[in-house]
Amino acid sequence: MKPSLESDEEEELGAMQKTLRERANRSIQHLSSLLASHSSDSESSGPKQQQGLEQDPCTPAQHSEAVYQLRSLLQKQTNDVNIQSPSPSKRRLPPKRATDDTSSKHTGVQDLVPIIHNQSEYIQHLEAEVKFCKDELAEMKHRDQLRSLHQTQTETLETQVVKDLACLQKEYEEMKERLRHKDAMTAAAARGQHVGGLCLKCAQHEAVLAETHSNVHIQSIERLTKERDELTTVLCSMRASQAEAQQREWAAYQQVKQAVVMAEEANLEKTRALVQCEHFRNEVTRQRERLERELASEQQKISQAKEDARSESKKEKEELAQIANPRPTQGQPKVNPKPTQGPPMANPSQHKANTTHQPTSLHYGQLYDTWIHCIPASAPANATGLLPQQGNEKKWKPCAHKDGDAANVASLSQRVAEQQGLLERCERDRNSLNSQLEETSKKLTAQEANSSKLCAELRFLMSQAQLKKEEAERNVRDISSKLGRQLELAEQEVQKLGMELRGYRQRLEEAQRAEGRARAETAGLAEGLSRAQRQLNLTR
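Just so you know, the UniProt record's numbering puts 16 at position 16 of the sequence shown, and the rest follows in order with no gaps.
These aren't lab readings, by the way, just hints derived from the structure by calculation. The C-beta atom is built at its ideal place from N, Cα and C for all residues, glycine as well. Check the hints yourself; a few may be wrong.
To be verified - Between beta-carbon pairs, the in silico distance windows are:
(1) His-150 with Glu-227: 37 to 45 Å
(2) Glu-457 with Glu-424: 47 to 55 Å
(3) Gly-498 with Glu-139: 44 to 52 Å
(4) Ser-441 with Ser-297: 44 to 52 Å
(5) Glu-264 with Glu-294: 43 to 51 Å
(6) Gly-498 with Gln-533: 33 to 41 Å
(7) Gly-498 with Glu-457: 55 to 63 Å
To be verified - Derived DSS-like pairs: lysine-lysine, alpha-carbon spacing no greater than 25 Å straight-line:
(8) Lys-18 with Lys-141
(9) Lys-257 with Lys-482
(10) Lys-182 with Lys-163
(11) Lys-496 with Lys-226
(12) Lys-453 with Lys-270
(13) Lys-257 with Lys-469
Go ahead and model the full structure; you've got the sequences and the hints to work with.
Right, dumping it as structure tokens:
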């Protein structure tokens, strides 16, 4: 129903706006046509103007209300002007009044020009009226809504009043039954020659008892309010304990978080240390392999140098032996040397040993002695060039090849010295490599010891962090379990207190209802007492 009413009202408003706009347009067109006709008539003669002015009011059905209002206003204005300023020329010349009237009417029609130009103001005025109508309609709608709400409220209140009336009627019936019962009891007591009713003192006593009963109700209300205040204080304390437990839980959570962060940092340090140890181990193995390769190459070089020195020494021995034992030429006969000439022949085994022996260092004198001892005894005296001449045994004749042999021996000794220096240098290199190997092995052992120590410390820190983490988790579990139990107890306590509060409220409501019933009963009893007293007085 409401949407249809609103749509109808909107249609009515639209129709009103259309009609107002049409009326305004018609009035504007009328005024413009009047002005055009007036301008055309002004060019014509004066009598025609008067006739046109006299004929204009003869057709009122063709003009709108706005035109009539404007004409009436203009006529009033001209009349007021004529009344206020009567000129002597008019008094003297009465025939000219018609011309003056025509001129005043002409000026009045000319006053319509600003009104036509102010048509926007007229339209705004109409729109303001439409807006006012809309506001009135909205206010009416609001009033209708308020009326409907008031009607619903009145209906609910009526139903509630009906229910209360039914309850009161029931109570009235009960009180009526009680009063009948009491009347019957009083009648029975009167038959038994017992004075019915209560005296003044008894009535005062009953009133005091009723007041004490009312005081009991007040005391119960005060007790309930006190219990409510106690319950609110207990609830506030429970909330404070809950907030404290939450704060403790937050502190434990922060401790666990810190322990986890420490454990993660320890794990990171451990991984870094392990990676560093692995890097050191790889570096040490590479150094060891490199040193072993260098040592093997140096040992190979030393052995090669030894072999070269031995081969060269053997070659030199062979050359010396060839020089010491030259082959006899074909023109010289073999002559057995005398045993008295030359030095004694050494032992063949000793000579063999001397020939196979390899000295480490040979001097020029030793080489010369060995060369002298290696000369065979069967060699002729003139072939060697070293045997003494006949007749002078102590004088030695130098050999023809003495200078060449000395040069060979010097070159051989120089080569032997070079080989010996090379051998010593190889020995020094080997010693230095051995010392470097020992130093690197010591460094490796020290690094392994440091890495093992660092790993042990990291394991210890990890174990401590793990223990702290486990302890913190255990504390968190304990605190969470305690908080859970406390929250459960608090919820149970709150539920219990809520149930007690509801019970107290029900008891309070019952007490209030009982108080109302007691008051009504006391009022009824007081009425019955007064009636009984009146009847008693009448019977007396």
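Next item on the list: Check each numbered hint from earlier against the structure, then list the numbers of those it violates in ascending order.
Entry: Hints 4, 6, 10 are the ones this structure does not satisfy, whereas the remaining hints hold.
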